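Chemist: Let chain A serve as the given structure and place chain B on it in line with the hints.
Taken in order, these protein sequences are the chains called A and B.
UniProt numbering applies: residue 1 is where the first sequence begins, and numbers increase by one.
UniProt numbering applies: residue 1 is where the second sequence begins, and numbers increase by one.
The reader is advised that the hints may include incorrect statements.
Stated by the list, open to error - With a straight-line Cα cutoff of 20 Å, these simulated SDA-like cross-link-like pairs (lysine to any residue) come out:
no. : chain 1 : residue 1 : chain 2 : residue 2
1   : B       : LYS139    : A       : GLU129
2   : B       : LYS139    : A       : PRO165
3   : B       : LYS283    : B       : GLY19
4   : B       : LYS356    : A       : SER287
5   : B       : LYS330    : A       : TYR77
6   : B       : LYS206    : B       : PHE195
Stated by the list, open to error - Away from chain B, derived, C-beta distances all over 10 Å, residues of chain A:
no. : residue
7   : LEU6
8   : GLY146
9   : PHE219
10  : MET233
11  : VAL279
Just so you know, these hints were derived from the structure itself, not from any lab.
Fair warning: this is a prediction, and the values are worked out from it, not measured in the lab.
Where is the CB? At the ideal position from N, CA and C, for every residue including glycine.
Okay, here's what each chain looks like letter by letter:
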Amino acid sequence: MPHSDLPPHMRPERSFQGLILALQRYWADQGCVILQPYDMEVGAGTFHPATTLRALGPKHWNAAYVQPSRRPKDGRYGENPNRLQHYYQFQVILKPSPPDLQDLYLKSLAAIGIDTALHDVRFVEDDWESPTLGAWGLGWECWCDGMEVSQFTYFQQVAGFECAPVAGELTYGLERLAMYVQGVENVYDLNFNGRDGAERVTYGDVFLQAEQEYSRHNFEHSDSDMLFKQFGMAEEACRKYLEAGWADGKKTRHLMALPAYDQCIKASHVFNLLDARGVISVTERQSYILRVRELAKACGGAWLATAAGGAG
Amino acid sequence: MPDLLFELFSEEIPARMQGRAADDLKKLVTDKLVDAGLVYEGATAFATPRRLALAVQGIPARQPDLREEKKGPRVGAPEKAIEGFLKSAGLTDIAQATVQKDPKKGDFYVALVEKAGRPAIDVLAEILPLVVRTFPWPKSMRWGSGRLTWVRPLHSIVATFGPETEDPDIVPFAVDGIAAGDTTRGHRFLSPGDFRVKHYDDYVQKLLDAKVVLDPARRRDIVLHEARQLAFAQGYELVEDQGLLDEVAGLVEWPVVLMGSFDPAFLKIPGEVIRSTIRANQKCFVVRDPKTGTLAPKFVLVSNTEASDGGKAIVAGNERVIRARLSDAKFFYETDLSTRLEDRLKKFDQIVFHEKLGTQAERIARIERLAVELAPLVGADVEKVRRAATLCKADLLTEVVGEFPELQGLMGKYYALAQGEDAAVAAACEEHYKPQGPADRVPTDPVSVALALADKLDILVGFWAIDEKPTGSKDPYALRRAALGVIRVILDNKLQINLSSIIQAHQRSLNEKLQGAEAGFDADLLAFFADRLKVQLREQGARHDLVDAVLALAAQDDLVLVVRRVEALAKFLDTEDGKNLLAGVKRATNILRIEEKRDGTRYSGAVEAGLFQDAEERQLAQAIEAAQHEAEAAVAREDFAAAMAAIATLRPHVDAFFEKVTVNADDKAVRANRLRLLDGIRAATLAVADFSRIEG
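Isolated chain A, as found in the complex (with noise of 0.2 Å):
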């Protein structure tokens, strides 16, 4: 739908959510399935097994979602104009990725308002590599009049098992576009709803109060004690689940992927609070994200044994 024919609080220049509605529903066009956000604190939208775990296989998968992301250290008490440490991520996952995945890409761009006939639209190299999930794929940040706006990877590998076929991935920062697309320097000032006046909300109105609380949550008060302890419950407790998810002996199916990964996950946001706590040497830093990947690696296992891993 062009943007014009849309009422002005929708239209992607004009409001967060309307940039938001834009992207889903031209990726719904292409014949994505629209999710929901996963319902766990991830440091990226890549962490959601829709796209971690769809990775993986065999199987023809294609999604988009949001995905609220959390990066503990990138708080800034709400005081730094472009750092959040929650922010939002828009994720999109083609697998096999069709030949024209470039083209389908930008006219992404053009479905919120960025027209290439004005704006100088560049793929510029970026290998992209997530230690944590034992993921690495090739691909390029896409810049818009010399600003990133979108992460483009083709999977190479994820949990260290081959892609084949290979994923493409696209990950939209959503501020940063919105700002963009806005014309707005600090993030709080983004129109959230594209209303004016008394109406309007703003991303400060949403946001600026949780970024305050969560900077003095995740560099002064987190309970590094319990953390530490939660690390650990999660790292076992993933354990016991791949262990007791095989079905048999023979360990070709498995039954219980899914909750396995998720405490996977959980591990690694707790990983991410100890390390913005700055209770995690140089030296231990390195064995805890080692101890995440083997997760992401026997999780990765494990799913390729299920039905969605193709198996059977």
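Modeler: Relative to the frame of chain A, chain B by itself:
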């Protein structure tokens, strides 16, 4: 003769890989052509963000026919051997082979194998897909459901072959479902349609019409020229940057150069920080005021499109991003200024420099001790050196250096000046890293010199102590560069220091920490220095054999003296006396070598005057004694020209000796005495150099 046009059209190829890929494409295809007997006239390869292209001119239409004589088994060889020969030579009956006579080894079969040359296009249809499948990308990937790997998804292939005057043929092949054809595409946004191409000239022109400049050198020229023009028009001057230029030319098919501005208030940040921010994050150039040399509040960006508004929106967008980035940089810089450098040092206790060599704090303490020890030797103020050593690494913990590691040292200098440190101390914070490469400046201020030597020697001694020396092409800690840095600092500043004792002392203090570290590696490290010195002197035009001849002498760890000795030696060998003396010494050495080998003994020691029979013997002996004495005295004064002159006095006596005296006399005692005299010549010349290492 026909030409080949080959294009591989893909999604965006990383800029840094394009140049190498074009070279590889050319080499792979042309090597295979030559291997197939197809000698071509010329080849050129190009890369843009979306395509690799190769044009090969003048390929013969057919391979030459091959006639080859194939040697077979002996006549009467076992059936199996004959069968194998027939098969390999493509014969059906042994009667088709000829018999070659060989009276020594016996007659054998020879087959004349004739292989008709194939059409070049058929050969290309084998070569080109192989090149695609085996292309050496630094990193490649799969996509979709395919198995082919390429740097990014490969979309289409152009491969046309034919004489310039005719419509070319398409080389018939396909790779993973992508069939070669004659269709390509233009600029992604400005001319997205596809079109057919014939030959190279036609291809280049059609691409240009479709807003693609194929040749990266041309794109670089356009960017550079337009960027200079834009800057000049505003009264500024472009800060040129070859690395950035290369990268930018690899990010665009149709360069459009634009200029933007930023708030002059940001110019309070050091210029290098602004430049790094704008360069690293935005890949834009900065401009400066040609009169003052300081940065102007402008930047030059290179876009890949001709926008319908003339680029207004693009400039505005880039300005926004640069504003945000500079705000961050300013924030980092100001945050850094609020903490004194010495207050950061505690953190180094927690930072591991190297697992075996301890923390950064320990390394800094070692550098300090060594720098203080070196200070009097290089004429530096000890307290300033101590202060500089304490502070020199502190900037590694600042926000700006965290963001832009290439600004290490420089930021240390700025922060040191800002907190009121002595100018020499501040300068040393930057200069102790120098020289970084062959083009980099060598520090000359004594404080910087002491610290630069200490920093590099500590690394070298440390990694030698834990036996992690550079091997082959592997030098992860840049130890070769460190050693070369030490050499350049010493030579440029004419510092006469005994490297050996400094290394030994530092080794001892390091060994206290490293339990069970390898001991006694100083000779090996000195040899490493000697090797680096040889490389360095050779690059400056010195003869490597002369360097060897000097380094072969004992205890050569004063690099300044080594160089002066090499220079004196080179001068001497350029003279008539020098050349003749060298010949004489060589002759003496050769005779000695032969006779000593024959007799299984070593002729050395004092000659006996009583055994001399000829006047020439006596005169030579006297001359040797005098020359050796004089040369050694001159060397002790470090007057190498005089030492050479002393040795030169030997020449007429050596010549006369060889002319008149027979070394291998019948009388054994006389002969031995003469051989000892020859050894005397060799020994005397050792006062200045080991002549046996000199070539010619």
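Chemist: Each hint: holds or not?
Modeler: To see whether the hints hold, each was checked on the structure:
no. : hint                   : result
1   : B/LYS139 with A/GLU129 : 13 Å, holds
2   : B/LYS139 with A/PRO165 : 18 Å, holds
3   : B/LYS283 with B/GLY19  : 18 Å, holds
4   : B/LYS356 with A/SER287 : 19 Å, holds
5   : B/LYS330 with A/TYR77  : 19 Å, holds
6   : B/LYS206 with B/PHE195 : 8 Å, holds
7   : LEU6                   : 22 Å, holds
8   : GLY146                 : 4 Å, violated
9   : PHE219                 : 16 Å, holds
10  : MET233                 : 28 Å, holds
11  : VAL279                 : 13 Å, holds
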